[in-house]
Amino acid sequence: MSGFALAPSLLPHFTSMWQMSATQGGWLGGMYFIGYILAVPLLLNLTDRIDARRVHLAGALMSALALAGFALTARALNVALAWWWLAGLALAGTYMPGLKALTDRLPPSAQSRCTAFYTASFGVGAGISFLWVDAAQRWLAWPTLFSLAALASLAAAALVWLGVAPKAPVAQRPDPARWRRVLRDRRVIAYCGAYFGHNWELFAFRSWLVAYLVWVEAVAPSLWTSSPGLIAALATFLAVPASILGNEGAQRWGRRRWLTRVMPASGLLALAVALTPPHWSWLLAPLLLIYAATMNLDSAAMTAGLLTGTAPSERGAALAVYATVGFAGAGLGPVLFGLALDLVGPGSRAGWGAGFLTLAAGIFLGRWAIARFSPAAR
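Under our numbering, the first residue of the sequence shown carries the number 1, and numbering increases by one thereafter.
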C-alpha cells in the first residue's frame, strides 16, 4: 500500500509535465483499478484451490516490479499508464487474497469483526501512503518515490513469507457449479452492486482530492487548505474507525437497514461539497473530512456481510465476483470525474462541482442495488 497514493498525490505534477487533460488524469487514476479488475477473478478463483498466501506473495512481488518499472521508464503518459495498470493488477494479488488468507485461518465467530479490521487496514495503508508521499515529494524526485515504494513492497512480501504459515484451502477440487450458485444468490448481487457504487465514489474521491485541494489553494489561499497531502491523509485515515464502526452498526441494526441509511447520507455530503465555494475553506476542509468518514461507513459492513453468509468453499468465487464488480466502479469513477471536469470547465468551480456530483451518482446507485436486489441482506 505504500505506493497507493503516488499517482493521486503527484497528479498535479504529472498533469503539468505531460500536459494532460482532466480526462487523461482520470484515466491515470482509473487505470490502477482497471488492472485490478482484470486480474482479480482469476486470482481469487485460485484461492479456492491453492493457499491464498501464495497468491498474496506473488502480488507483492509484482507490485515491486511495477513501481520500479514506473520509476525507471515512465517518461510519457502511455508508459505510465502501462506500469500503473500493472501496479493495480498487483493489488488484485494482495488485497482480497490477503483477506481470504486471513478468513481461512480464523474461526467463524471471529470472521466478521476481523474482516472489518482488515478492510479498515486498507485505509491505514492508503493514509500512510498519502502522508509519506506528501512529505517526501518536497525533497525527492518522483522516480525516487516510486523506487522507495518498490522496496516497501519487497519488505511486505518478506513479512508474509516469514509471518504467515502455509495452509491448504478448504476446497481442493474445481467446482464450476459454485459460480452458478454465487451468481444466482441475490444477496451476493446486492452486495456487488453496492460495492460498485461505494468504490466509484471512494476511489474517484481519493484520486482527485489532492488535485482539488491544490486548485482550492490556488484560487483562495488559506491555512485550511495549505497542505493538500495532509488533508488527503487524514481523510483516508478516517476510513479506519468509520469502517469498523460501520460494521458494528450493521451487526446491531441489520446490514440492509444500515446500508440504506448511511449510503444516502454520503451522497448528500457529496452534494454539499459540490455547492461549497472554495473561499469558504474554513467550512470546506472539515466538510471534506466528514464526507470522507461517512463514505466509509458501508464498506466493511458489505464485505463482512458477503463473507459471513457464504460457504467457505465458495468464498473465493464470491470474492472474485464482488471484487471484479466493485473495482469496475473504482476504475470508472475517476474517469467520470475527470470527464465532468473537462466538459463543464477545467479549473472552474462549476467543473469541480460537476465532478463531485458524479460521486453522489455512484453512491446513490449503490444504495439502489441494496434496496432493489436484497430485501433479505443481513
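Each hint should be verified, as a subset may be incorrect.
Listed below are the simulated DMTMM-like cross-link pairs for lysine to aspartate or glutamate, each with C-alpha atoms no more than 20 Å apart in a straight line [stated by the list, open to error]:
(1) K167 - D342
(2) K167 - D104
(3) K167 - D51
The hints are simulated quantities; they were obtained by calculation from the structure and are not laboratory data. Please read all numbers here as calculations on a predicted model, not as lab measurements.
Okay, the hints, checked on the actual structure:
no. : hint        : in the structure
1   : K167 - D342 : violated, 50 Å
2   : K167 - D104 : holds, 8 Å
3   : K167 - D51  : holds, 6 Å
This entry does not satisfy hint 1, going by the numbered hints stated previously; all others are met.
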